[in-house]
Structure formats: C-alpha cells, structure tokens
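So the sequence lines, in the order shown, correspond to chains A and B. Numbering-wise, the first sequence is residues 1 to 192 according to the UniProt record's numbering. Numbering-wise, the second sequence is residues 1 to 475 according to the UniProt record's numbering.
Since the hints were derived computationally from the structure, they do not count as laboratory data. Certain hints may be false.
[As the list claims (entries may be wrong)] Distance ranges between label pairs, derived from CB positions:
1. B:P463 to A:T160: 51 to 59 angstroms
2. B:P388 to A:A176: 17 to 25 angstroms
3. B:W432 to A:R112: 49 to 57 angstroms
4. B:D304 to A:A176: 54 to 62 angstroms
5. A:P48 to B:P220: 42 to 50 angstroms
6. A:P48 to B:P388: 20 to 28 angstroms
7. B:R348 to A:P123: 52 to 60 angstroms
[Unchecked claim] According to the in silico footprint, chain A covers these stretches of chain B (three or more CB under 8 angstroms from chain A):
8. 259 to 268
9. 356 to 366
10. 374 to 380
11. 383 to 390
12. 393 to 401
13. 451 to 462
Even for Gly, the Cβ is constructed at its ideal location relative to N, Cα and C.
Residues per chain are reported as follows:
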Amino acid sequence: MPHPAITAYPLIPARVHEACGPAAASFALRTAHQLGVDLLWVREDWQPEKLNPRGFEGLDPARLIMARTKGQVDTLAVAEEALRDGALGLVVLEITSPLSLTAGRRLQLAARAGGSTGLCLIPEDMGSPAAETRWHCAPVFDMGDSTLQRWQLIKNKSGTLGVWNVRWDPETRRVAVVPPAGHRPGSADAPG
Amino acid sequence: MSLWFPRLATDRVLRTRPVDGPFVLTLKESNANRVHCLNDAAERQGLYRGMSFSDARAFCPDLISLPARPDQEMRFLASLRRWAMRWCPWVGFEGRDGLVLDITGSAHLFGGEAAMLGAMRQRLSRAGLSVRVGLGQTRGAAWARAHYGEGAALADLPVAALRLDPDTVTGLERMGLRRIGQLRDTPRGPLARRFGAGLLMRLDQALGDQPEQISPETEPPHYAVRLTLPEPIGLETDVMAATDRLLARLCEKLADRQAGARILCLSLRRVDAASQQVELRLARPMRDPARILPLFQRGVSEVDAGFGIDQLRLEAVQVEPLPAQQLAHSGPRDPRRLDDLITRIGTRIGLENVQRFLPADSHIPERSFLIAPAAYSQPEGGWVNLSPRPVRIFAPEPITAAGSSPPERFRWRRMELTLGRATGPERIAPEWWLDDPNWRSGLRDYWRVETRQGRRLWMFYTPQNPGWFVQGEFA
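With these hints in hand, go ahead and build the complete structure from the sequences.
As structure tokens, then:
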C-alpha cells in the first residue's frame, strides 16, 4: 500500500532531535523500535510521572537503561557522555527548563562524535535552536484504532515541515502512516 | 624464638605522642578503671598492672593517663607480625602481646642467630618498642626465656615459666618445687594425680618431649600497590601515567587470584602531607588496566595537586571473583562498552542511579516491575503483558464523577474532556497479604478511557469507596 512517507523519519542518526506534546514518550519508544537500538533514558529524580515498562508497546524493557539525575545540569552531562560514547544507539533526555544555545550545540557535537541519536523530550515552546528536527506528538481519537497519533514536524533544519497521522502496527512493530496524510495542520480529529 | 612486648599498649601510644614522666593506659573492668599498661617511669613510682586507677593517681599525682584501646593493640600486633615475616615465613601470635617465630633454617640468612637477634633488637628499639626475646629449641622454652630470663638455662627458671595457671604454680611452690629442673626430676605419676595432665603436657612441651606447632596466620590477599616518587608531579598526564603503572601491578595481582575489582580507591599524597582520594566504582568487576585507566580520567582531573604529588597508592577496596571466561563469537554486542559507559555515568550521578527494569510477579500496577541498579543486575526477559498498560503512571489523581461507568464529561488537569470510547472494566483486587496504604480503598475497576480530545487515560473506579481516579496515560 503506497503511503506518503514521513519526511525526516526515521530520525536522522547521529543528531539530536526534539519532541514535545502529550505523546512524546511514546514517540521516543517508537523511535527506539524503528532504529532497533538499545536506549538510555535520562530523567530527573523528582518528576512525579514514572515510566511503566509494562506499557512499552512491545519494546523489550531489558533494552532500556535509566539514569536518575538530580537536576538539569546532571541530565545534560550524562546525556553528553552517553552520546559521545555511542554504546547505546538512542539517548532520550527529559529536560525541564530551556536549553541554552551552548548546551544544545554541545549535545549536537557529542552526537556527531559518538554516532548515537539524541532525543530531547521538552515542555512545549522550549525548543533549542540547535535541534535537527522538532516534533509535536499528540494522540488522536479514532473509533477503530487506539494507537492513532498526530505527528507534526514543526522544525526541520534540512527539509520541509508537515503533519502526519500515524498508527502503530503491533505485528510489524513499525509506524505506519494513515492515508490520507494529515491535510489540515491543526485539525484535531483528522479522519482515520 | 619468642618475642614478648611487655609494654605493647603504652609503646603504641607513646610512639605517636611522647610523654615525659609516668604514663598509664586504663581499661574499665567490672565497673572500675584499672591500670592496663604502664611505662618505665610509672613502674619506678611503684605502680603495677591491675591496680585501680584511683590508687595509682594517689601514689603519683602527676600521672598522665589515656583509655586503652584493645582493638587497636591487636591491629598493631598484627602489623608487627607482618613486619616479622621479613625474618622468617612462620610467624604466629603468642597471646595478646607476643609473637612466636620458627627461625629454623632462616637464621643463617642474617648471619646467624646472634646477628639476627641484634638486628631485630636494634630495629625494634628504633621503632620505640621494648622487647624481650627468648630463644629455645621448643616453643615452650623460648616463651620461658622471653618472660623469665633471656639467657638462663631452662632448668633454673621458675615453674611459672611453663605457662601454667596461677593455682598450679602456687600449689607447686607449696610442695617446694620452685624450679623447672626440680619439677623434671620429680616422679611423674604423683604429679599427674595431683595437678592433672596439663602440667605434664606443658613440661613436655618445654623440654621438647611433646611437639607444639606454630600456626602461622594466613595472609589475607592484599590488593593495594603504591608508588613513591623522588620528585613531586603535578601534571594530569603525569598522574595518569603513574596510575597506569600502578594499575598494571594491581591487575596482575587480581589476575593471579582470578578476581576483579569493583571499587578502586586512588590516594594521592601531596608534598605538604595532605592526601586526596579518587574513588572509582565500576559497573562490573574487571581487571583490565587498559579499560580502567580512562575511567579514572574524570576523578584525576578534579584533584588539586598543590605543590605536587609525591606518593600514589591504589587499592582495590572491594573485590569480587572474576574467573577467566571464554570469548563468545555469537551473542549480543560487546557488553563491555556499555559497562564502561555505566561506570562513567555512575561516577557523576552515583552508580545506584543508573537503573534498569526487571519484571515482577504482581497484578498491582505499581508493583508489576522492579527497578534495580544496572551495575548489580542482569537484564531479564519474561515480560508478559496480558492487557494493555499505560506508558506513564503517576499517583492517582481524583476527578469528580459519580456512578460505576466512566463519566461522559469530566475535568482532569484543567482540561474539559469528553468520553469517546471506554474499554473495561478490569478488576484488580488489593494484595491482602501486603498492607499498602494506597490500596486501602479496596477493589479497583480499571477502565481505558479514550477521550474525544485525543488523550487516552487509565482511570479506575473504587466500588467499595465510590470515587474516580486517573492513574496513567496511554500514548
């Protein structure tokens, strides 16, 4: 079935990307699936919401290592170390305050040196100018499908922007674009 | 050969803080302070061991005293035992204040017994220790000479020199047997009937008719190496080069015993005698210097070298067995890179904060998985998910709703949400064998609620205490 492919997805490797919105965690897990790599998840200790490995949509929790940090400085340091090392294919970091230009650039350089892909989960409107792409991910209601999400590419350094409705195919464990592709950015209930 | 340190306790203290005049160590025994050990000056004043401390102070008003530390004395004696290994390999403890050495066959290495004794005395007196040395063909004879006259013939020594208990000694003296020689010439039968077999055993041991072993302590493996430099160093590259040399030696030791280091501690002593420590906790026990060295980089770069570092000491504080393993061609990617990364992250945020998920056998959502430090656990399979679970869970957040089916409209986190589709209920009962305060409200009926606005929530209703809560969010 010919689908219009998503530009800039799967994510360009060895770069740092950003994701925001209510489905950002799911975006990170699906990306790890798509890349077929182990991942490190760096988050601050105090955050009340916890990851639940029982809800990983088929991703084996044994492939995930978590780092619990005291604050954003530690988060950034750990992420930079892991990106530069390259032993884990994907490094997900949850940040809570805006990144400075220097910090964003350092992460980008570390990713380039180590070959790992980085993904910052950011609160909305806290993007850093150094990011390669930025995605807004939100679940979409659909009568027949409980995995439908709308992924909106809101920043792309090397290409065009766009909006796609995607669903999760549990058999192939791949992201599939739902035709017709998102046509009206901002439409809350796009047809399934 | 028997070494007796009659003033071990006071000598140990006076080595570090010399005192002019009488000095005693006191030990609390049956609720009274008693003199535990004393120096020469105190003995000349008429004090003796075991007298009460208040009496001693009355005899000698300018007495200086400190509380005794028997544990430290034993440690001091243990280090003396290690020192004595330089003379011969067979060294054992003799009571709480002596050592016994089997120098048969090693005396000639030091130029004979007399020369060896001289050297030993000289070194000990330079270290500030008073010592009495007894030489003998048997352990008993050596002990007797050390305690009751260094050069005397065994037959002339008092019977107390046979390591007997005080009652036996008194009994023998009442019978007029004061010397070992007299005791030896007495018929054995009546002696054994009167005093038991212990007396004859001690006599035979001293005379050599009955063997007595020296049991040398087993030397615990010691994983520490040090490097002393003629000139202080300060550059980071120099310190790393020195660490490299130490690591090579330490890892050789570890490889000999098929062990791997888990925690390493590098102590850097500066010229001004200040000391700094760099601790390294490893994610896996290892003994490969080429892998450990880069992990020290971060710790070493934070050290303040001051006027320079002139001594380095590297110790494996915690050691785990690490048998040699066959290299596998198949299997997952090289896990050592990951271990090194975990170590490096662990030096920054603490090794226990690098974690992984392990499955647990429970229906309670919060207890259906464990979080374990990645360095001390292996990844496990066996994740069986019977029904969909949310990606994120949080503490239950109450919403206002009534009835046992999901509400059509509700507010959650300042959002107006409308029900689109609800899947459920899935009833989860609390585990009665664990008293969990969060589950005091009883049974829970979980619903997967998809809202028209998009958000997919994991909500539950508590039929026994009616109320609705949101506990998680699906993607």
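Task: Hints not upheld, ascending by number - done: 7, 8
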